[in-house]
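Q: Each residue of the sequence shown is one higher than the one before, starting from 26 at the first, in the numbering used here.
Simulated from the structure, these hints should not be mistaken for laboratory data.
Misleading hints may appear alongside valid ones.
Here are the simulated SDA-like cross-link-like pairs (lysine to any residue), alpha carbons at most 25 Å apart as the crow flies [to be verified]:
1) Lys160 <-> Gly128
2) Lys65 <-> Thr138
3) Lys69 <-> Lys83
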Amino acid sequence: MSYLNISQVRAWLLPMVLLAASAAYAQAPTVPGTQTLASKHDFKTLVARTEAAIGAQKMGLVASASASAGAAGRGITIPGNTVLMVFRNDFAVRMLQASVPAGIEAPIRLYVTENADGTASLSYRTPSAVFAPYKSEQLDAMAVELDPIFERIVRDATGG
Numbered sequence: 026m027s028y029l030n031i032s033q034v035r036a037w038l039l040p041m042v043l044l045a046a047s048a049a050y051a052q053a054p055t056v057p058g059t060q061t062l063a064s065k066h067d068f069k070t071l072v073a074r075t076e077a078a079i080g081a082q083k084m085g086l087v088a089s090a091s092a093s094a095g096a097a098g099r100g101i102t103i104p105g106n107t108v109l110m111v112f113r114n115d116f117a118v119r120m121l122q123a124s125v126p127a128g129i130e131a132p133i134r135l136y137v138t139e140n141a142d143g144t145a146s147l148s149y150r151t152p153s154a155v156f157a158p159y160k161s162e163q164l165d166a167m168a169v170e171l172d173p174i175f176e177r178i179v180r181d182a183t184g185g
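Make the full structure from the sequences, and use the hints.
A: Following this line, the structure appears as structure tokens:
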């Protein structure tokens with residue numbers, strides 16, 4: 026009987042994980058309000074452009090998370106991905122005055138993903154779609170203000 030060593034397992038497992046992830050991405054359900062814009066920029070450039078566009082729209086980059094950066098720290102290479110969490114305190118206060126349960130929705134997330142051809146895409150859910158389930162006139166009014174801000178961030182970042 027022969028056994029695989031850890032290098033052989035990694036060599037076999039990583040391509041399978043990447044294949045499964047790409048198949049899952051291709052079959053991801055369409056969530057209402059989700060927008061994805063392709064760009065001509067590479068992943069790192071699109072992340073930097075998105076961060077700059079967030080600041081230009083006077084919004085705050087509350088936090089970011091990157092599975093690809095975490096994997097790289099473990100010596101594993103996966104396609105680039107970063108979630109940028111964006112909001113601003115005046116909107117947060119208004120949101121919570123309208124609906125404490127809606128607080129789970131903030132910050133709004135922008136998702137930068139690396140494409141197979143070396144370019145990157147930017148996905149997000151429009152604030153109006155994010156807050157619609159709460160059926161609150163105040164949240165709807167706030168979302169009407171936020172939608173064009175996020176549209177400008179995405180447009181400026183992707184160059185679209």
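Q: With reference to the structure, classify each hint as holding or not holding.
A: Results of checking the hints against the structure:
1. Lys160 <-> Gly128: 14 Å, holds
2. Lys65 <-> Thr138: Distance ~12 Å between Lys65 and Thr138 Cα, so the pair holds.
3. Lys69 <-> Lys83: 22 Å, holds
Violation of the numbered hints given earlier is absent; every hint is satisfied by the structure.
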